[in-house]
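Asks: Taken in order, these protein sequences are the chains called A and B.
Our numbering numbers the first residue of the first sequence as 1 and each following residue consecutively.
Our numbering numbers the first residue of the second sequence as 1 and each following residue consecutively.
Errors might be hidden in some of the hints.
Derived coverage of chain B by chain A (criterion: at least 3 residues anywhere in the stretch with Cβ under 8 angstroms from a Cβ of chain A; other residues may be distant) [unchecked claim]:
#, stretch
1, 357-367
2, 575-587
3, 600-612
Negatives, chain B to chain A, calculated, CB over 10 angstroms [unchecked claim]:
#, residue
4, 33
5, 119
6, 291
7, 696
Pair by pair, the computed Cβ-Cβ distance ranges are [stated by the list, open to error]:
#, chain 1, residue 1, chain 2, residue 2, range
8, A, 152, B, 88, 52 to 60 angstroms
9, B, 329, A, 152, 31 to 39 angstroms
10, A, 95, B, 329, 49 to 57 angstroms
11, A, 37, B, 503, 22 to 30 angstroms
Honestly, the hints are just simulated from the structure, not real lab data.
C-beta atoms are modelled at their ideal positions from N, C-alpha and C, and glycine is treated no differently.
Spelled out from the first residue to the last, the chains are:
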Amino acid sequence: MSNPATTDKPAGAQAAGAHNELVTVRVAGELLGVPIGRVHDVFVPNSLTSVPLAPGEIVGLLNLRGRVVTALSLRRLLGVGSAPAGSTQTALGIEHVGESDGLLVDSVGEVMKLDPEQRQPNPTHMDRRWAALSRGVYRLDGELLIELDVDAALAREPSRQAA
Amino acid sequence: MDDLLREFLTESSEHLETIDIELVRFEQDPNNETILRNIFRLVHTIKGTCGFLGLPRLEALAHAAETLMGKFRDGMPVTTGAVTLILATLDRVKEILGELERTAAEPEGVDGDLIGELERMALGPPEPAPAAPPPSPKPVAGEMVLQILERPLKPGEVSLDDLERAFRETAVEEIAPLPAPVAPPPPAAAAMPEAEPAPKPAPARPAPRAEPKPERPEGGEGDGVSKVQTIRVNVDTLEHLMTMVSELVLTRNQLLEIARREDDSAYKVPLQRLSHVTAELQEGVMKTRMQPIGTAWQKLPRVIRDLSSELNKKIELVMQGAETELDRQVLEVIKDPLTHMIRNSADHGIETGPERKAAGKPERGTIRLNAYHEGGTITIEISDDGRGLDFGAIRRKATERGLASEAEVERMSEAQVAKFIFHPGFSTAKAVTAVSGRGVGMDVVKTNIELIGGTIEIRSEPGRGTTFTIKIPLTLAIVAALIVSARDQRFAIPQVAVLELVRVKPGSDHSIERINGTPVLRLRDRLLPIVPISKVLGLPGAEAEAGDEGFVVVSQVGRQRFGILVDGVFHTEEIVVKPMSSKLRHIQLFSGNTILGDGAVVLIIDPNGVAKMVGSGTGENGFGADEAVEPGPAEHDETVTLLVFRGGGQSHKAVPLSLVTRLEEVDAAKIEWVGGRPLIQYRGRLMPLVPAGPEVAIRREGSQALVVFSDGDRSMGLVVDEIVDIVDDRLDIELAADRSDLVGSAVIRGRATEIVNIAHYLPLAHDDWSSGGPVKAVGASRTVLLVDDSAFFRDMLTPVLKAAGYRVVTAGSADEAMGVLGSGLRVDILVTDVEMPGRDGFQLVEAVRAGGRHAGLPVVALAAGVTPELVERARRLQIGDFVAKFDRAGLVQSLNDLDVPQEIAA
């Protein structure tokens, strides 16, 4: 599991999976991993401005050091319902097509280095909504980790169905 | 691309733009040495730099141009041809620069054509002597002499670049002795072949430069375009700076907030200072985004100059307010529309010299460009003193293209008609020129301007010119906004869209009422549609609580006016507009978002979106309430469309619009008098004019309003004082038996109005009109059988029907009528009085319907009064229409409606 990340490899076309460092997050009890290169910030969102008429997964807009960030709920993207009342969510700040997005998760864990070789394809019976956002599954000690496809999650297309 | 080259490119293109402008000025004012010196210096700089960077093609071009200009300086007359040639050279230079920018290398190519021309022109007429020694192969030699000769004459105008270069070049080469003698041609020519052109012009320079050096300060200052203290900064850097400042402002606000709560005074003073500095910093950074509008105008003098020669018109471009500043983003967007409009003005607006002379205007046309600040917006006016919009042509074109019906178009005001030119593909130009007339453009202009929240208006006076007024917001990035609340959420509404604020409360002066569930507000006797913002936004609780209390933000989008109902209004704030995330851009109601002083993100409501959203929900005219759109004239046959005018006295007169062919406004000077009768040339024919009353004087100057009536190929113009209106109204005519020029009088729009009897005027225009002469156009001849027991009525109606284009056969009784019908004479329509002694009108119709070849004859019945019984009987007999007996106009109209239209208005 401790596969030394070879940093000298260029971040080329295939590089996304070359040295897989994932930030682990938890959503509705499930463990997911987000490529660390995509995560700019980890912050606790406050004073969200909700956007009327917006697609369901868009929780609102927030001010992150002078930038307006669009906050999306990973729970709603995955269709696992809203976070229980009173719980605090954490946001991963991600740049996507030149815009700042914030992906809300239940909690953020550690950074794991994983060998892309060990990534396994999505099980065929995986929920379609999950499968659409997953790049594959890692088997950890006693747990499974799903690698999140950030671009798919932040793309505009699936927004309607998830609403 | 190395930095040096990039720097050179930016600098050169700026120089070239200046040269463009200056050259055009110079052409108009060939004796102005300052301008010439300026141009010379700029070209020279370009040439020098090219040499330094090793760009031989560019250098050769610049050099040849410089040579020719040197000749001007020596007193060679400035000709248009020469200037055109130089401009062409500059264009070539620009091309090469463009290529250079793309590929970082000078493109292959030969410029022998231009250079040859330039040289020929330079060597041309005046000096036969120097022309001989330096023949074509060694062009450089020729000018060398000139430059050397000139140099002592003008010591003051050396630019920093020149000095610098001179400095560099002297360091490299040591050909100092060259300057003085007039002899150099041969040596220079000899030196040329091996040494590349670059150093060539240079050596001449160093020595003389040495002296002027100390004088530079004054020299530089005296020069109009001396170096301003500027540096070039990448736009991205500025944008970034802007963002950082915004952030700083927010942090400051938070600090202030904390300081307010904690009474620790130790922070107070430094915090206050921080606050001031931040404010100033913010202002300063904002300023960096501002650019004078003149930068967008730079190309225009050249454009006009080229157009003038292309179109063979003399045009002067006057620019005012070039220093007016606006956001560079806005500037980018309006640049092209402005150029396009200027071209349009030059092409369509300004007439040719002879035309202008004939119209009594100065031969040289003027296009005026004016910019100024006005409130939070910038107004740009583009006006020309040309021929003005041809409203007639636009109307025709609009009808042709099916944008509106002829009747609609006639009813429109000029301002409304003018708007047609913004329709895609709309052009009234008779010929498509290279310049314009293709009908592309004005719609794009409008779209571009509206894109940045601007508006455009047209004012035009035939023969006097056209003015376009563009209003655009000062900046896109920062706008004043009204912060409002709806269901505890705050929103910003751009202040430009806000006309006023009205507090509404049930039971107060201003309260929201409902028409069929739709909320409206009565404001100064107008009904304002109300959009409850929380409802259109679908905010929670909006449905349940139909709160009619709060504030109405009265907004205007285009010509639509409506009110946005909000719960609360806080204050106005200058906000920095940030674009919506691409995930949210599909929501029309928001134009962006912003961060307020307290750090909260707030959505900016787009009034256009509000208008659209609600408009689409309630059908096309959901918002038309304020535009006074007339309900379609389709309610009842009773209403008649009337043209109301004044003609003699103060009373209004009216005539059914269906009889009117056209309304015209003619130049009174064009009215001719033949044998004491007024005539005017109208559509290639002479049309007699008849005053609408004895008191109406035909004007001798200014414009004269005419109502044109046509019958077949004949027309007459009724001279009126003024066209008042076109109205749809019921027509209850009271007969005026004593006046043949009137049918009677009626109350139209609450005002007593005389209904004019056109039949009275037609004979005045054409003697034979009423006598049923050879009037009829072939297809228009339909025969009416008029049955009435009263000879008076027969006589009264016959001319009216004839005037309307019908052949008339009369009968004094039902029996007589049956006789006519049985005689084999062709009858197309039966018009009969209902009440007649003996067999009445109904019995007559019954007899007709009973059989025979006239069984299906259309019938119009005349009755003194209409009762339900009569109507029922008429319906059973398929009588087409009932007309009041004295309503002559009504009868004609009824006949027109009855059958194939008679094309009165052919």
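Asks: All hints, please: hold or fail.
Replies: Against the structure, the hints:
1. Counting residues of the stretch 357-367 of chain B whose CB falls under 8 angstroms from any CB of chain A gives 0; the rule of at least 3 is not met.
2. Coverage of the stretch 575-587 of chain B by chain A holds. Counting CB-CB distances below 8 angstroms, 6 residues qualify, and the rule asks for three or more.
3. Coverage of the stretch 600-612 of chain B by chain A holds [criterion: at least 3 residues with CB-CB distance below 8 angstroms; count 4].
4. Non-interface call for residue 33 of chain B relative to chain A: holds, since the shortest CB-CB distance, roughly 53 angstroms, exceeds 10 angstroms.
5. No beta-carbon of chain A is positioned within 10 angstroms of the beta-carbon of residue 119 of chain B; the least distance is around 53 angstroms.
6. With a least CB separation of 25 angstroms from chain A, residue 291 of chain B remains clear of the 10 angstroms interface cut-off, as annotated.
7. The Cβ of residue 696 of chain B sits about 62 angstroms from the closest Cβ of chain A, beyond the 10 angstroms cut-off, so the non-interface label holds.
8. Between residue 152 of chain A and residue 88 of chain B the beta carbons are some 56 angstroms apart, a value that agrees with the proposed interval 52 to 60 angstroms.
9. For the pair residue 329 of chain B and residue 152 of chain A, the supplied restraint of 31 to 39 angstroms holds, since their beta-carbon distance comes to about 33 angstroms.
10. A C-beta distance of roughly 23 angstroms is found between residue 95 of chain A and residue 329 of chain B, which places it outside the suggested range of 49 to 57 angstroms.
11. For residue 37 of chain A and residue 503 of chain B, the Cβ-Cβ distance of about 54 angstroms falls outside the hinted range of 22 to 30 angstroms, so the restraint is violated.
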